[in-house]
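Based on the hints, put chains F and U in the right spot on chain P.
Single-letter residue listing:
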Amino acid sequence: MNFFLLSLIKAAVVAFVLLTTLAYLQWVERKVIAHIQVRLGPSRVGPHGLLQPLADVIKLISKEDLIPPYVNKFLYLFAPFLAITMSLLSISVIPFGGEIHIFGDSTWMQLADLNIGVLVILAISSMGVYGIALAGWASNNKYSLLGGLRSSAQMISYELPLSMAVAAPLLLANTLSLRHIVLQQSGYYLGFIPRWSIFQGPMPQIFSFVIFLIAAFAETNRIPFDLPEAENELVAGYHTEYSSMKFAAFFMAEYANMVTVCAMTTTLFLGGWLPLWPASGGSSFVPTAIFLFAGAISLYHGLNPARKKDRITLPAVAVVFFLIAVLFLIPAAQAALTPLFWFAAKTGALLFIFIWIRGTLPRFRYDQLMAFAWKFMFPAAILNLLVTGLLVALFS
Amino acid sequence: MPGVPISWYLILSAVLFALGVSGFLLRRNIITVFMSIELMLNAVNLAFITFSYQFKQVDGQIFSFFVMVVAAAEAAVGLAIILTVFKNRRTLNIDDVSTLKN
Amino acid sequence: MDVILFLIFAVIAVVCGINVVVQSHPISSAISLVGVMGSLAVLYLLLGAEFLAAAQVIVYAGAVMVLFIFVIMLLNAGGEIRHGRSIMAQVLGIPLLFAFLGLMAFFVQRLFPSTALVHFGAFQHGGAQDVGRALFTRFLLPFEVISVLILIAILGAVVLARKELE
Chain P
1 MNFFLLSLIK
11 AAVVAFVLLT
21 TLAYLQWVER
31 KVIAHIQVRL
41 GPSRVGPHGL
51 LQPLADVIKL
61 ISKEDLIPPY
71 VNKFLYLFAP
81 FLAITMSLLS
91 ISVIPFGGEI
101 HIFGDSTWMQ
111 LADLNIGVLV
121 ILAISSMGVY
131 GIALAGWASN
141 NKYSLLGGLR
151 SSAQMISYEL
161 PLSMAVAAPL
171 LLANTLSLRH
181 IVLQQSGYYL
191 GFIPRWSIFQ
201 GPMPQIFSFV
211 IFLIAAFAET
221 NRIPFDLPEA
231 ENELVAGYHT
241 EYSSMKFAAF
251 FMAEYANMVT
261 VCAMTTTLFL
271 GGWLPLWPAS
281 GGSSFVPTAI
291 FLFAGAISLY
301 HGLNPARKKD
311 RITLPAVAVV
321 FFLIAVLFLI
331 PAAQAALTPL
341 FWFAAKTGAL
351 LFIFIWIRGT
361 LPRFRYDQLM
371 AFAWKFMFPA
381 AILNLLVTGL
391 LVALFS
Chain F
1 MPGVPISWYL
11 ILSAVLFALG
21 VSGFLLRRNI
31 ITVFMSIELM
41 LNAVNLAFIT
51 FSYQFKQVDG
61 QIFSFFVMVV
71 AAAEAAVGLA
81 IILTVFKNRR
91 TLNIDDVSTL
101 KN
Chain U
1 MDVILFLIFA
11 VIAVVCGINV
21 VVQSHPISSA
31 ISLVGVMGSL
41 AVLYLLLGAE
51 FLAAAQVIVY
61 AGAVMVLFIF
71 VIMLLNAGGE
81 IRHGRSIMAQ
91 VLGIPLLFAF
101 LGLMAFFVQR
111 LFPSTALVHF
121 GAFQHGGAQD
131 VGRALFTRFL
141 LPFEVISVLI
151 LIAILGAVVL
161 ARKELE
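The listed protein sequences derive, respectively, from chains P, F and U.
Note that this note's numbering has the first sequence beginning at 1, numbered continuously upward.
Note that this note's numbering has the second sequence beginning at 1, numbered continuously upward.
Note that this note's numbering has the third sequence beginning at 1, numbered continuously upward.
Chain P on its own, in the form it takes in the complex (with noise of 0.2 Å):
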């Protein structure tokens, strides 16, 4: 098929998974921090609350897009534009799978394979940070100007010891293509061990992934590093003016921005789409297992039912996942999904880490924060670097 024709389509297909990701990310948080806080969560729009996002689409699109009249309106209108484009961009070379072959032609499951691929993904996330500095000033607003200059001095403070956190696995990979990045971790110790980053001598990447995950909380403004937009501190911060659409913008900014930077989490350290343990062991066969575990427990819980309603809505669900399950038993399907499910489940369960922490952690202040990326990340980055460097040199 024609190469510009091909990539149109993959670029529609990830765009529209991305979008409906982001706003099923947004029910599965207050689900989770509902139940984190023994309470329901959204559970009335819908079966279990599964139209909430719907919802909410409808109320900020029909809801008065007003300009205040004392905001600066090429800046107030640029700046919400500007964020979720940088989101958005950084997607587009993450490896979310291995080679399939459809129709005859042969194709990766991503999007744009760059030789910089890496140094992509860093710049566009320092783009990010005007989004946000210009969302602060546009508002002519004291506490959104604070509010986004706090935020996008954290914001760059942070981006140093996440590219020293960076630095380290591109050690051990020897090249800045994340495809490339993925394919040097396949292969397996002992036959059962992964070769992933955090497992790969001569220096596992642990404090790297440890550092690079706290800076990625710090650079997405998630709890315990959202002072900026908290809504007992500054109003709402730097948002504060913004109303409708582009307040959904924002939104939708903060969570791609979490998407990103856990596929890019899982991309460098754990491996991206490779399994867990080889073919050989049957790992081919986790998806199926999976899903017919979860649609198990779909239909027990639909067969003695806590509400009424349940009676019907879960067992629905449980046919949804044996038919996933079986989906994943056909052999042509098996071999171009069993990568992208790795892919989900190992960035589902970081995300689903994010989420967990900011149900469970108080936040800091402003300058404990500051000086955490100062005088403790930016070091022990630096240190984690050269130890690395220090053990490929003498190993390889």
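Treat the hints as calculated values from the structure; they're not laboratory data.
Any given hint could be a false lead.
Unchecked claim - Residues of chain F clear of chain U, computed beta-carbon distances all greater than 10 Å: (1) T32; (2) V97; (3) T99.
What the hints assert, rightly or not - Per the computed footprint, the stretches of chain U lying under chain P, defined by three or more beta-carbons under 8 Å from a beta-carbon of chain P, are: (4) 5-18; (5) 54-64; (6) 69-79.
Don't be surprised by glycine CBs; every beta carbon is placed ideally from N, CA and C.
Below, chains F and U without anything else, positioned relative to chain P:
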């Protein structure tokens, strides 16, 4: 044609440099003057990389890399100086800070 | 394709450059300068300098310009008030500028024959590996010196910008 003539890149670099010089000479706000200097440095970077392409060597890019680093260091120190000047003189107009006496 | 991309981003660069010089509020100049740097990054990509294009966006557009924007927002000094603008300077200056640039363009065209064409992909040695190899072998001394320079700049900026200890 299958490509862009090299002279076009050099002309673009000259135009950007001329814009930077005119900004440096004509503007009165310290920060805008500083930004014109950055514009000049960027124009020079473009010229270096164009020549690196022409001679098919990477040296021009290395030099451009050093220019970028020096520009970043200069921006940091220069902005710190501007902050100090603003704290003392309360104005960013270079005409108003031109006397040595207070 | 190369010509179209070059023309688009060259026009964006020049328009943003003119905007830097012409706008009265420094924040509009700063955003236009970010636009210049972004379009220059694309032009570096077209010239085969991919590592430098990424470094331009990360360092220049993503850090140095953020620093500028911070300072402008913190100082909040407002737009520039023009006074004492001489009409003679504008009447003479702008045509002279165009004449000078036209002359320069003519000579540059004569000096560089149009057989030297730039097309995307002709220069393959601009990636991270080649730049890194050159930096750490042939240009090792400037690299080490520049790291000391950055250290001095950090110290200088911290000393200059800190609060006075009363």
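Check of the stretch 5-18 of chain U against chain P for coverage (Cβ-Cβ below 8 Å, three residues minimum): violated (count 0)
Cβ contact check, 8 Å cutoff: the stretch 54-64 of chain U against chain P, three residues minimum: holds (count 7)
Separation of T32(F) from chain U, once the least beta-carbon distance is taken, above 10 Å: Contrary to the label, T32(F) does not stay out of reach of chain U, its closest Cβ about 5 Å off (not over 10 Å).
Non-interface label on V97(F), tested against every C-beta of chain U at 10 Å: holds (13 Å)
Whether chain P covers the stretch 69-79 of chain U (at least 3 residues having a Cβ closer than 8 Å to its Cβ atoms): holds (count 4)
Given as non-interface: T99(F), which should sit over 10 Å from chain U by C-beta: About 17 Å separates T99(F) from the closest Cβ of chain U, which puts it past 10 Å; holds.
Of the numbered hints stated above, those contradicted by the structure are hints 1 and 4, listed in ascending order.
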